[in-house]
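All chains should be built: construct the whole structure from the sequences, respecting the hints.
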Amino acid sequence: MKLKSAAFLSLLVLQCLAVLTVAQNDFDFFYLVQQWPASYCDTKRSCCYPTTGKPAEDFSIHGLWPNRNDGSWPSNCDEGSSFHESEVSDLVKRMQQEWPSLACPSSDGVRFWSHEWEKHGTCSLLNQHQYFQTALDLKDKSNLLQVLKDAGIRPGKFYSLEKIKEAIQEGVGYTPFIECNVDQGGNRQLYQVYLCVDSSASDFIECPTFPHGRCGSEIEFPSFSSLHDEA
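Number 122 in this note's numbering belongs to position 114 of the sequence shown; there are no gaps in the numbering.
Label pairs and their in silico Cβ distance ranges:
1. Thr59 - Gly79: 32 to 40 Å
2. Lys171 - Lys52: 26 to 34 Å
3. Ala111 - Asp145: 23 to 31 Å
4. Ser114 - Ser210: 31 to 39 Å
5. Gly194 - Ser168: 13 to 21 Å
By construction, these hints were calculated from the structure, which means they are not laboratory data.
Glycine included, C-beta positions come from ideal geometry on N, C-alpha and C.
Next up, the structure:
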C-alpha cells in the first residue's frame, strides 16, 4: 500500500511539474525590441563599443521577447539550456553587426546573446539557431532607419513623437511602441522601438498590449556618427 501511495505521489508531482512547464512557456506574441545606439550611449551611464569596433549608425536588436496579452511574460524557461556559439556559427558575423552589445566593459557580444537566449529564447519554442535568425530577419524586414529616412526623419534633430510613430506605422504596416530615455543634457530621446510579432514568429502584427512608459511630445533622434569615439 505504501509503495502504491509513493508511486501515486510521484506521478502527481510529475504532472504538476508538466503543467507548470507548459504555463511557463505559454505566451501570445513576441516583442521585437530594437534600440538606437546613440541614445544608449548618450546617457550618464555612457557605453562601451564592442571589441569588434564601433557599430554602424543603425538600429540594433535588443531582443525577441515572448509576451502575454495580459502584459506578463515567461522567462528562463529552461535553466539547462545554455547558449552555445557553435549553434549559430553561421550567424555570428550578422549578430556582431546587428545585435552588438554596448554595455561596459567592451565585449564580443557572447554574454549579451547568452542572456537573451537564456531569459527569453528558452521560452520562445524555437531552437537557438531559429531564435537568433528569426530576430535578425525580422529586424531586416522592418528596416527602421530607412523607414524613418523615407519620412524625412534623420538623426541629429528633434521630431514629434507622433511623427515618428506614424512614419513607422506607415513604413512597417503596424503601430510601434516608442520607449525614450534621457540624455546627459536632460532631453528625452528615441531609445527603443517595440514591434509585435505573432506567436509563431513569422510576421508582424498589431500589438495586443503595449509596455508602460511615456515620452515627451518632442523627442531627440540623436546622431551616432557624430558621437566621439572614446565611448
